[in-house]
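Asks: On the provided structure of chain A, position chain B as indicated by the hints.
Those sequence lines, one after another, are chains A and B. Residue numbers for the first sequence follow numbering that gives the first Met the number 0, beginning at 0 and rising by one. Residue numbers for the second sequence follow numbering that gives the first Met the number 0, beginning at 0 and rising by one.
Calculated directly from the structure, the hints in this document are not laboratory data. Please note that a few of the clues may not be correct.
Identical copies carry no separate label here, and so any pair may be met within one copy or between two of them.
Claimed, not checked - Distance condition first, Cα-Cα at most 30 Å in a straight line; then the derived DSSO-like pairs of lysine-lysine:
id	residue 1	residue 2
1	K234	K94
2	K113	K150
3	K94	K113
4	K172	K94
5	K172	K150
6	K113	K234
7	K94	K117
There are 2 protein chains.
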Amino acid sequence: MDRSNDDGNDLAPADATLTPLDAARADLLHRLLASGRLLPTGVDGLYGRDQVFNSVLDGIDAALNLLAAPEAPIAATFPPMLPRVTFDQIGYLRKFADLAGPVFSFLGGPEEHKELLKRLDDGADYAPLLTQTDLTLTPACCYPFYATSPKSIEDAGASYTTRGYCFRHEPSKDPMRLQMFEQREQIRVAAPEEVQAWRNLWLERAAEFLSELGLDVTTDVASDPFFGRPGRLMKQHQLSQQLKIEFLVNVYGDDNRTACSSLNYHQDHFGEIFGIRTPSGEIAHSSCIGFGLERIAVALCNQHGVNPDRWGLKLRERLRLA
Amino acid sequence: MDRSNDDGNDLAPADATLTPLDAARADLLHRLLASGRLLPTGVDGLYGRDQVFNSVLDGIDAALNLLAAPEAPIAATFPPMLPRVTFDQIGYLRKFADLAGPVFSFLGGPEEHKELLKRLDDGADYAPLLTQTDLTLTPACCYPFYATSPKSIEDAGASYTTRGYCFRHEPSKDPMRLQMFEQREQIRVAAPEEVQAWRNLWLERAAEFLSELGLDVTTDVASDPFFGRPGRLMKQHQLSQQLKIEFLVNVYGDDNRTACSSLNYHQDHFGEIFGIRTPSGEIAHSSCIGFGLERIAVALCNQHGVNPDRWGLKLRERLRLA
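If we strip away everything but chain A, and leave its shape as in the complex, we get:
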């Protein structure tokens, strides 16, 4: 948005009350805002993007298209929403209540509307006048695929590729943690052994891909941020079964790595919920790998500078920027 000629190399105003980690986060956010790569909206974790930043996202997406091409996935996209019924079937609200984004609207008549206007005039809370709709924001762009996948899959199973916005309610001043962000996902629904082989393939592919972008990436077994006490068992299960593997990038130091990609093995979780069966009649397994497009792009801006024009030719070619 041409908001400055700043090359993004100046430091954010120092704030002595911040921890070193928070100061590093504030500094990175400042560089992204000052260079115009991100555009502020007034809410933490909600930013616009300029054409340069969008080109980097598109470049990562295009490079992943090439990487996924051998398995000829079906490409499709969904709006960043799920039916509430699907959301509840998946159990997202149970497990990640604090991250969820159910959508409300006003379903009242003239009397309630009069009251709504009065509350807006008074700056009063109008939430009690709103009603939950049958829609929720989706926290991952793979979810719609399990719900719409054919109930009887063919021998080789199904392989999908998608890209789209996702929502997780976690306001943060860390530019590596957005509330509404774009994911690029590869999805596999098939017999257990097919899914496991696919997962091993992407475990290698993803680590190699991220390293080739010049990022310092490590892989680790991880667990999801399940809500509260009931989540402890789920965490233990996920860790002991190695169901989630994260690709962690070094942006804030080796001890404060952030996941920029996540490879998940759901076993029969979605197959069971949505009744997806293999030709031999067993419940299908599924796995997905999600790439956080903004996280990778922000990590690249941190690593190589906020001006992709100045990135090395090899990287620019890989991301179709040259």
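Replies: Chain B in isolation, oriented as in the chain A frame:
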């Protein structure tokens, strides 16, 4: 998603209880679903899109890029959300309460979470356990630009181009009326006479562009669907001042045309709210033209068939499909 080899020319199951208009809508939706262009989610007005349908959307977007190139607009995008503060400043909830999409989440502690789990187990209403966040879905992808526009614009003003998902809570079985859909917008913020000249330019450009796609399009002065009685005066004002001009496409007959593009002159509405001034110190005016990408694509599928492979070469070239 390869859900059938159907060429989309079969008719939807006849339903004698439907009006002819609703039957035509059901038939068009059926053709789009049967051919796999749209993917069902279980909620009216929320559909996935296959690669073919997405290519048509991208083609319309690319053609509009060419059309807008002479004015060298600043390209940027925002996630499909607005800060609640901005949403309330704009007055959207006052005017279009029934279309709004405020986002809620769960902000409770362990006790409330226990109650949430209980209600999920019982299939009971859990809405009272949710809290409004400081985010709402955006009903138009131009809104973030007025809020983030420089408060003091230069002589020529600002010209923006954007594309993004928008939400309007209006569930419908009409495939021309989606709940979450993509808009492509051109935006102009400048002195009144600049904005008016820009508007006249796009009035011609848009009509010509849509006609060249082979669509039967007419233009008409229109008003927004303001909510309830207080909206009547706003409608009258909008009509008498000719502030909204719609480009109406013939999909369901000449008497039932649907807007596929809308050219809006806001006068000083956004300039006033967000304090945007011209170099001479007057409040800036603004105008925008929004193209409903799915509406244009659905109209094209209705006009030329659901298989873009079979569209004429000239159209395919224009939309970069050839």
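Asks: Against this structure, judge whether each hint is valid.
Replies: These are the hints, each one checked on the structure:
1. Taking identical chains as interchangeable, the C-alpha atoms of K234 and K94 lie at most 30 Å apart only when both belong to the same chain, with a minimum of 10 Å there against 46 Å between chains.
2. With identical chains, the CA atoms of K113 and K150 are never at most 30 Å apart, being 48 Å at best within one copy and 33 Å at best between copies.
3. Proximity of K94 and K113 under a CA criterion of 30 Å is satisfied inter-copy only: 12 Å between copies versus 38 Å inside one chain copy.
4. Taking the shortest alpha-carbon separations for K172 and K94, only the intra-copy value of 24 Å comes in at or below 30 Å, while the best inter-copy value is 33 Å.
5. When the C-alpha separation of K172 and K150 is checked against a cutoff of 30 Å, the pair qualifies only between copies, where the shortest distance is 24 Å, while the shortest distance within a copy is 42 Å.
6. Taking the shortest alpha-carbon separations for K113 and K234, only the inter-copy value of 18 Å comes in at or below 30 Å, while the best intra-copy value is 48 Å.
7. Taking CA atoms no more than 30 Å apart as the test, K94 paired with K117 passes between copies only; the shortest distance there is 13 Å, against 37 Å inside one copy.
Checked against the numbered hints given earlier, this structure breaks only hint 2.
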